[in-house]
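Here is how the chains run, residue by residue.
Protein chains: 4
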Amino acid sequence: MLEIAVLGAGRIGRIHAGNIAAHPDARLAGIADTVPNAAARLAETLGARALTIDDALSADAVLIASPTPTHADYIERAAARRLPVFCEKPIDLSADRVRACLASVRQAGIKLMVGFNRRFDPHFAALKARLGAGEIGAIEMLTIISRDPSPPPIAYVETSGGLFRDMMIHDLDMARFLLDEEPVEVTAAASCLVDPAIGAAGDVDTAVVTLRTASGRLCQISNSRRASYGYDQRIEAHGAKGLLRAGNVLPTTVELADAAGFRTDPVLPFFLERYAASYRTELGAFIATITGGTSARPDGEDGLRALLLADAALESSRTGRTVRPSEV
Amino acid sequence: MLEIAVLGAGRIGRIHAGNIAAHPDARLAGIADTVPNAAARLAETLGARALTIDDALSADAVLIASPTPTHADYIERAAARRLPVFCEKPIDLSADRVRACLASVRQAGIKLMVGFNRRFDPHFAALKARLGAGEIGAIEMLTIISRDPSPPPIAYVETSGGLFRDMMIHDLDMARFLLDEEPVEVTAAASCLVDPAIGAAGDVDTAVVTLRTASGRLCQISNSRRASYGYDQRIEAHGAKGLLRAGNVLPTTVELADAAGFRTDPVLPFFLERYAASYRTELGAFIATITGGTSARPDGEDGLRALLLADAALESSRTGRTVRPSEV
Amino acid sequence: MLEIAVLGAGRIGRIHAGNIAAHPDARLAGIADTVPNAAARLAETLGARALTIDDALSADAVLIASPTPTHADYIERAAARRLPVFCEKPIDLSADRVRACLASVRQAGIKLMVGFNRRFDPHFAALKARLGAGEIGAIEMLTIISRDPSPPPIAYVETSGGLFRDMMIHDLDMARFLLDEEPVEVTAAASCLVDPAIGAAGDVDTAVVTLRTASGRLCQISNSRRASYGYDQRIEAHGAKGLLRAGNVLPTTVELADAAGFRTDPVLPFFLERYAASYRTELGAFIATITGGTSARPDGEDGLRALLLADAALESSRTGRTVRPSEV
Amino acid sequence: MLEIAVLGAGRIGRIHAGNIAAHPDARLAGIADTVPNAAARLAETLGARALTIDDALSADAVLIASPTPTHADYIERAAARRLPVFCEKPIDLSADRVRACLASVRQAGIKLMVGFNRRFDPHFAALKARLGAGEIGAIEMLTIISRDPSPPPIAYVETSGGLFRDMMIHDLDMARFLLDEEPVEVTAAASCLVDPAIGAAGDVDTAVVTLRTASGRLCQISNSRRASYGYDQRIEAHGAKGLLRAGNVLPTTVELADAAGFRTDPVLPFFLERYAASYRTELGAFIATITGGTSARPDGEDGLRALLLADAALESSRTGRTVRPSEV
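Chains as they are written, first to last, in this note's numbering: chain A, 15 to 342; chain B, 15 to 342; chain C, 15 to 342; chain D, 15 to 342.
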């Protein structure tokens, strides 16, 4: 039984802690949060203990789900104790800080897995497997549409690092995952169309990015902070031999037909519902990494590369030029 | 150029006359109707002449689209002149009258094609071809759903011969066409749920039928005189190796997504739109029968057999017993 | 914490026992089976104990998932101890035996819930709720298509009670559930098309049924023991104001497009996958019935009525007559 | 009866000539081609005459479907005779030549309609109408996917003006049509992935473009010269209140289900099939423009603006910079 402690008792910590508690090969060592009451409340619902950060770092492994600014520090403290770490994305909003943190990770020789959970979504994972099996030959174009149901609170926006680093980073990782080749050119365009307050906070709410790999593969990403019909998450890969796509997931198959036409459900509301399975599978992969001795994927370098793409996208959106992402 | 005269200037006569006028291998010889003004009006819009019935029977071929009670007489008069005939279904509401008429047809040696136009619908024709190609192996079960958008006027109901002979006859022909084996048992259940006036007129508006062939193939038909979402026309064939189905046809592919879900168009409104292509192809088949010397299909026997199945269904719905259709 | 014992360690017992073990408001008291090793093995995987039948009947409630011939006896023994019972369908293959058993249940005043799990399937439950909300007005026609992926072993067929009592009984219950009115006429047709060995065992593998209620609502059911594309489970309700349907569930949304067309996944393979959620929700309903004091639904009378419809269907398929189901 | 002459007896001339011949309000005055035999052959199949260019310019109106380099000259010759003109896109590959031609058109005061036929496709026209009706509120993002089934001959590629001016120009016009606001920024990325011979001819076969309007609306276009599954033509508009999309059109609704899943037809093969209705409706609009006195739309300025966007896209794909399209 692998004892895993969770740092952070917020929305995403709650998901991970629940999954650890339910996993047959793991035990929830406890939950630590800088707000002790939050840790205590969550721990209670799961029959676990609230811990100090220090105590949490005595478990067999640690899962970091605390606010972004704490991630790199916690990773380094875990590295110092030679603990395997799962860290929610992003490691840090500063690429330099991430590089420094990854150096500590390498030096300590610990495993670090980064929370790009969508790689584990059963629909996208099946798409990836079928791409790998050659069903459409070489991939040539990739289309990723990813829209939140509604914008986050402005307080969140202000510390999020902006749409590219906070939201699109998932799609940038997905593009790397599916293109099987690094994007070398990034071009972005962005607007504030949903909520002027987001613009006032210095961010955008509507953005598109084009990626180009060295061999010429092209990827288009479309992001919006609002979609009236639910959490829009779609991927389409176009290749020499055909097209593979993964569509939205609806809560039921029920359809109504009347004079207005045929009507299905709207899309599952948000990531808690849409990606519930991906979080469980992701945790299983983390556990297998530790108990099975395999490499962690996505790892710290994946986290850094996605951040560098997001940084390039942000720069491109501001300069109107195609930008090459920085070196790792 | 084959000269074809049309008998009957009503709704269905208008369709056929227009198709003849537009066909590259045919010429519209003219239109005859017992209401001369109706013939004149339709003829004018098509640049053709209004004819007497007698004159019409001097064309190269005749297409009968007049009221049902006139069909058998007109067929016999055409047979007397050795004219090829296309006749709208049904030949007559009385099986005995149909048998007598078909005897005249056989004696005259003319070609008689009966207007089961749905056999020529591109969707159903493709389904039939793929069944024939063995895509699902031997057919085992057939499901036919056929619902009108709204009930006909009571005056029409009163002379229609009833739902089984007027409406379901198309589905019974389709069942024979697709099952590739004669149904030997017919069981029906029927109700009046849509409009009590239909019941008062001695008819039903909601009916289902089960057919069974000698080898045990089963077919279910579902009819209603009302469907709020349009003219519902669907077929599903289930076989040893899989399922083949042909769905409804929508006017456009446009889809709206919003908080209420995803919404497509309703189904094409009625047979004029849904089966426009089938009438054109059916006419081509009739012309090819004459000019190419092939057998007419569906022919008079097909018309009789569908009527006998409808008669059996009506009897079953009244007696609660499975009925064997009469011999041809 | 409600302690529930499971009788029967077979395929369906395993599902229920696992769900009890995972339920927050219940505890798995243990598992009893006439094959003690089977109970022990299943109990071990769930961290529970193997019990004798007698010990099992000392729990707070009992869930009967043993072979059908034992159901009625176990219900009566539980009734003697005033235990709430959940029993897999059917209570017994003999309607008279069911009637006797239900008399004991009534006399003891215990709650008895019968395992028509499909009522709890999220898709069908949503359909039912939306029917109830009046989205299509009064229901007029119901179409239920239910096909197994492949026929059961002949040994199973021989003791199953036949397709109508074993397989279609689920659809007959669903018809009652959705029609909101008792069927008063049953007409069936059946064949052996899939496997001659099934016919040799006295059963059929392909069957259709028509139900008619007192007010004239019509229901068509289509059953086959084989569907190459997976476990085909569909429902369509046609009403005065429109149509509501619940389609098949696919494992992923992934679609491939190539020269052969657009291809989705086949349907979920069988009931373990398709109805996993329904078993969990069903268990929750049973627990709520006990802890919340609500009536059990579906209850013993529902079980009896579905059996009487199956008996009527069997008789109709043999006599070619429409049959009125026996009185409760 | 409006007499319309057709210049150009190639693939697209054939479509237009056939539609004129079939139109109730027009007569095909004849067909002119620099290859007289081509004109004669096409004219014969339509019961029309082969004409000299000069004779053609004596009709009531002229439809130019000749090779691109002749378009501007013919327009100017027609303008000199005050003839209404329909011209296939593009007017010319040089924006300056187009400007000069449009000056002649303005001076002559003739009507000039340009052949962006997709505006008249029933699916896209319905999408446009519903956008106009406010179904999704203000449009924020537009996604246009447009892929040919297979690359054109290299000889065609060499004189086509390149993918942006030859193929994407349709999508750029569609973007203008649907965005209801001029794009002011164009960013493109392009590759040669389908056929190296296309690259050797100085062109690309795979390209994406991002457009941004003054108010910040974003549009993504995806083009490929190859799609194994047919002629891929899709549009998606995302707005404040929802999403409207128009999907691909399949030849039939037939679907096969077997162990491999559910399979529909591939998409209609190419523009002759996909856009047959749009050419007919487009011709009707041209005729109505002349007979009804309404403005021609899309007109010469629409043709020029789409070309300027294509030029900007080409420049962007070569410089890696966002480009503002030139002034009209």
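Accuracy of the hints is not assured; some may be wrong.
So these bits of chain D aren't anywhere near chain B, every CB distance computed over 12 Å [what the hints assert, rightly or not]: (1) Glu17; (2) Ile29; (3) Ile124; (4) Gly151; (5) Pro166; (6) Cys206; (7) Val208; (8) Glu250; (9) Thr266; (10) Phe276; (11) Asp279; (12) Pro283; (13) Arg335.
Derived EDC-like pairs (lysine to aspartate or glutamate); straight-line CA-CA distance at most 20 Å [stated by the list, open to error]: (14) Lys125(C) x Asp209(C); (15) Lys255(C) x Asp209(A); (16) Lys255(B) x Asp279(D); (17) Lys255(D) x Glu196(B); (18) Lys255(A) x Glu172(D); (19) Lys255(A) x Asp279(D); (20) Lys255(D) x Glu195(A); (21) Lys255(B) x Asp272(D); (22) Lys255(B) x Asp279(C); (23) Lys255(A) x Asp279(C).
Keep in mind the hints are simulated off the structure, nothing from the lab. This one's a predicted model, so the numbers in the text were calculated from it and none came from an experiment. In this text, a Cβ means the ideal position worked out from N, Cα and C, and glycines have one as well.
Going down the list of hints, with the structure as the test:
1. Distance check for Glu17(D) against chain B: the nearest CB is about 19 Å away, which clears 12 Å, and the non-interface claim stands.
2. Annotated as non-interface, Ile29(D) keeps its C-beta farther than 12 Å from every C-beta of chain B; the closest such distance is 17 Å.
3. No Cβ of chain B approaches the Cβ of Ile124(D) within 12 Å, the least distance being about 33 Å, so the stated non-interface status holds.
4. For Gly151(D), the requirement that its beta carbon stay farther than 12 Å from each beta carbon of chain B is not met, with the minimum near 10 Å.
5. Non-interface status of Pro166(D) relative to chain B is upheld: no Cβ of that chain comes within 12 Å, the nearest being about 26 Å off.
6. Non-interface call for Cys206(D) relative to chain B: holds, since the shortest CB-CB distance, roughly 31 Å, exceeds 12 Å.
7. For Val208(D), the non-interface assignment is confirmed: its Cβ lies about 26 Å from the closest Cβ of chain B, beyond the 12 Å cut-off.
8. Glu250(D), annotated as away from the interface, has a beta carbon of chain B within 12 Å; the closest lies near 9 Å.
9. With a cut of 12 Å on Cβ distances, Thr266(D) falls inside the contact zone with chain B, its closest approach being about 5 Å.
10. With a cut of 12 Å on Cβ distances, Phe276(D) falls inside the contact zone with chain B, its closest approach being about 9 Å.
11. At the 12 Å boundary, the C-beta of Asp279(D) falls inside the reach of chain B, the nearest C-beta of that chain being 8 Å off.
12. With a least beta-carbon separation of about 15 Å from chain B, Pro283(D) lies farther than 12 Å from that chain, consistent with its non-interface assignment.
13. Listed as outside the interface, Arg335(D) is consistent with that label: its C-beta sits roughly 35 Å from the nearest C-beta of chain B, beyond the 12 Å cut-off.
14. For a cut-off of 20 Å, the pair hint linking Lys125(C) to Asp209(C) is broken: about 40 Å separates their Cα positions.
15. Restraint check: the Cα-Cα separation between Lys255(C) and Asp209(A) comes to about 39 Å, which exceeds 20 Å; the hinted pair is violated.
16. Between the alpha carbons of Lys255(B) and Asp279(D) the distance comes to roughly 19 Å, so the proposed pair stays at or under 20 Å and holds.
17. A threshold of 20 Å between alpha carbons decides the hint, and for Lys255(D) with Glu196(B) the separation of about 54 Å lies outside it, so the pair is violated.
18. Distance restraint check for Lys255(A) and Glu172(D): the Cα-Cα separation of roughly 25 Å exceeds the 20 Å cut-off, and the hinted pair is therefore not satisfied.
19. A C-alpha spacing of about 16 Å is found between Lys255(A) and Asp279(D), which places the hinted pair at or below 20 Å, so the restraint holds.
20. Our distance criterion of 20 Å between C-alpha atoms is broken by Lys255(D) and Glu195(A), whose separation comes to about 37 Å.
21. In summary, the hint linking Lys255(B) to Asp272(D) is supported, as the alpha carbons are separated by about 7 Å, within the 20 Å threshold.
22. At most 20 Å may separate the alpha-carbon atoms for a hinted pair to count; Lys255(B) and Asp279(C) meet this at roughly 16 Å.
23. Between the alpha carbons of Lys255(A) and Asp279(C) the distance comes to roughly 19 Å, so the proposed pair stays at or under 20 Å and holds.
Of the hints listed earlier, those the structure fails to meet are numbers 4, 8, 9, 10, 11, 14, 15, 17, 18, 20, in rising order.
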